[in-house]
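Turn these sequences into a full structure, and let the hints steer you where they fit.
Below, each chain spelled out in residue letters.
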Amino acid sequence: MRDKETPKANRPQLSLHVPEPPFRPGDTPDYSSLVVPDAGSAPKPDIAVDAADTEPLAKGLVRVLDDAGKAVGPWDPKLDADTLRKILRDMVLQRIFDDRMYRAQRQGKTSFYMKATGEEAIAITAAAALDRDDMNFPTYRQQGLLIARGYPLTEMMCQVYSNRGDKLKGRQLPIMYSSKDHGFFTISGNLGTQFPQAVGWAMASAIKGDSRIAVGWIGDGATAEGDFHAGMTFAAVYEAPAILVVVNNQWAISSFSGIAGAEKATFAQRAIGYGIPGLRVDGNDVLAVFASMRWAADRARSNKGATLIEFFTYRAEGHSTSDDPTGYRPAGEAQAWPLGDPIERLKAHLIGLGEWDEERHEQTRAECDAEVRKAQKEAEKLGILPEQGKDDIGSIFEDVYATMPPELAEQRDQALDEAKR
Amino acid sequence: MATMNMIQALNSAHRVTMERDEDIVVYGEDAGYFGGVFRVTEGLQKQFGKQRCFDAPISECGIVATAVGMAAYGLKPVIEIQFADYIYPGYDQIVSEVAKIRYRTAGEWSMPMVIRSPYGGGIFGGQTHSQSPESLFTHIAGLKTVIPSTPYDAKGLMIAAIEDPDPVIFFEPKRIYNGPFDGHHDKPVKPWSKHPASDVPDGHYTVPIGKAAVVREGADLTVLAYGTMVHVALAAVEEDGIDAEVIDLRSLFPLDIDTIEQSVKKTGRCVVVHEAPRNTGFGAELVSLVQERCFYHLEAPIQRVTGWDTPYPHAYEWAYFPGPKRMKKALEKVMAD
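Protein chains in written order, with the UniProt record's numbering: chain V, 1 to 421; chain H, 1 to 337.
For the record, the hints were derived by calculation from the structure and aren't laboratory data. It is possible that some hints are incorrect.
Stated by the list, open to error - What the simulated footprint calls covered on chain H by chain V, stretch by stretch (three residues with Cβ under 8 Å from a Cβ of chain V suffice, anywhere in the stretch; the number is not a length): (1) 88-97; (2) 197-209.
Stated by the list, open to error - The following residues of chain V were derived to be distant from chain H, with all beta-carbon distances above 10 Å: (3) PRO12; (4) GLY69; (5) THR117; (6) LYS180; (7) GLU239; (8) GLN269; (9) GLU362; (10) GLU380.
Beta carbons are placed, not taken as given, at the ideal position from N, Cα and C, and that holds for glycine.
This is the structure we're talking about:
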């Protein structure tokens, strides 16, 4: 510490600014001061737009569904009712799936689970806006991509249970799915790593003169990782055909988005400094999510380079089964969130169009519930976590390399020998 | 057949493989137009175009991460980290991603790539142009680590690494890019052209990964070395007049333990040498393995000749670098024990 009696003592004393979320446990959340631009108010530029000209879009919020559930403004993708119904059903299915897997963890059938409650619109609608062979580099909260692309629920559950049906052979923590066939790159526990990887995949597609594009996913908290910067830089330099998505759900475990830098600028605004167009989009508005993803995909596919999209949403539940959010935020915050619930908003929209009703919704909910229960029954036939890890100990040593080196073969024999005793 | 130094041999390995396989892409800082600060990628952009060989931003994280994405797509990236001392910003991508993707996807995805990087000291490179971080990679399951010591091996191992289905960390001892260096820094450096291993075939050939080379046969003791230290060891052995067997490991993982075991069981004595610091260096693994496998054949404690457990100092280059003098001391000690 410096002596107070220095010649510079007449200067004002510095103090460290540590951002605090607006509400803590015990507070009544009040979002009336949060600026939510009207649906339909954001302009829709041409895909050849200069990054700098997207500043208002990066600061604002692209919204299509208004408070009455009507689609308004230039971003309305004018989707047909079948597409909307499919998205709605996928969202309902995912929420039920998440609830049942959460419960399975509480029942001791597996070690860990992570829900995406409140964020269903983003991944599911993104999948609808992309081509089937576009590649995603997801985080652990984009299970909606798999659901939307028809990945079997039983296989997802087998992975969660690390059971005999787990195609990752019990090696990965639950929810770290991988499916090349569904354009879903293997999930890593290390945050942010997949974001620049997506850029590399997109560069490869460009190198080979392909027409496929890549999507890199990251959360608000992980944008603070150096990988975010690397991904943005490479995407800009090589005009990579990629869509770079920041899912801003306001929370990184217990840290609010201000700790990641959101107090000073939106995440979408960061794009402009790299020379990449940035959009900030209502993440609970299926139509806005679809339109923005399609716009960015059109840009990428026509060699205009990458787009950064910040989906503004709210993590409605705990970070994971190992987290209790009442320790750091008010219990009623999700309910107070001004952008509402994505399922309820799309449901209201479809009902308004005369393409849906309460009865059909309830019927869909019941169908999805039955589908999830059936899948769970099938998955549990192949075992739950507490029964696993005994049968095929030799498999621990496989796939470290294409062929097992002698060093590992020796250890495998030792492990098998120990297991016998 | 041509006479090549190590740089030319590595360059040739790139050309030969890039001609055979259109999925190979080469990039790194200054690796494109300029051909690399050590000229290893010289002329590749001109021959193969900017889509196959290009300059990268100064971001080791980004270089490795994009290579992961490219390998996921189906390309074979051969990327350059300008100095091994600068590989650390890419370390998370290498350790958490590159090394583990085949395993964590049960083979659904693999990462065929080569991460090449000049390494090692003896060039007055100071703290950040001299390091030997190989043990940080041999410790990681899923990686192969290769270090050549001659132009012939450099080309053959590089082609093998590029064609390998698994990720290979390829450390190039920059001290011996232009000529073998035996640690006698006060004597003029010989060029590779005076060394038989500079006879390098123009076309395709491989030196298998995981196979050591006995570079000098001997009966009295076994020296385990790699990279520049192979030449230091050979010089020290000759000058000392000890009938030592010198083994160039060439590949640290997979390791040719059979060749090592056979030799130590024959000689009964072993000296392990490397430039990297001693504490938890790769030498510790070698000592353990020899102890485990050759205990009843050992006639003396195993000696280690390594860099000191300090950062690499600039002015004290020759007090730090484990040269022939320090080597000879160890050889004599292990013979006296």
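Comparing the hints with the structure gives:
| no. | hint | in the structure |
| --- | --- | --- |
| 1 | 88-97 | holds (count 5) |
| 2 | 197-209 | violated (count 0) |
| 3 | PRO12 | holds, 37 Å |
| 4 | GLY69 | holds, 39 Å |
| 5 | THR117 | holds, 26 Å |
| 6 | LYS180 | violated, 5 Å |
| 7 | GLU239 | holds, 13 Å |
| 8 | GLN269 | holds, 21 Å |
| 9 | GLU362 | holds, 39 Å |
| 10 | GLU380 | holds, 21 Å |
Hints 2, 6, counting from the list given before, are not met by this structure.
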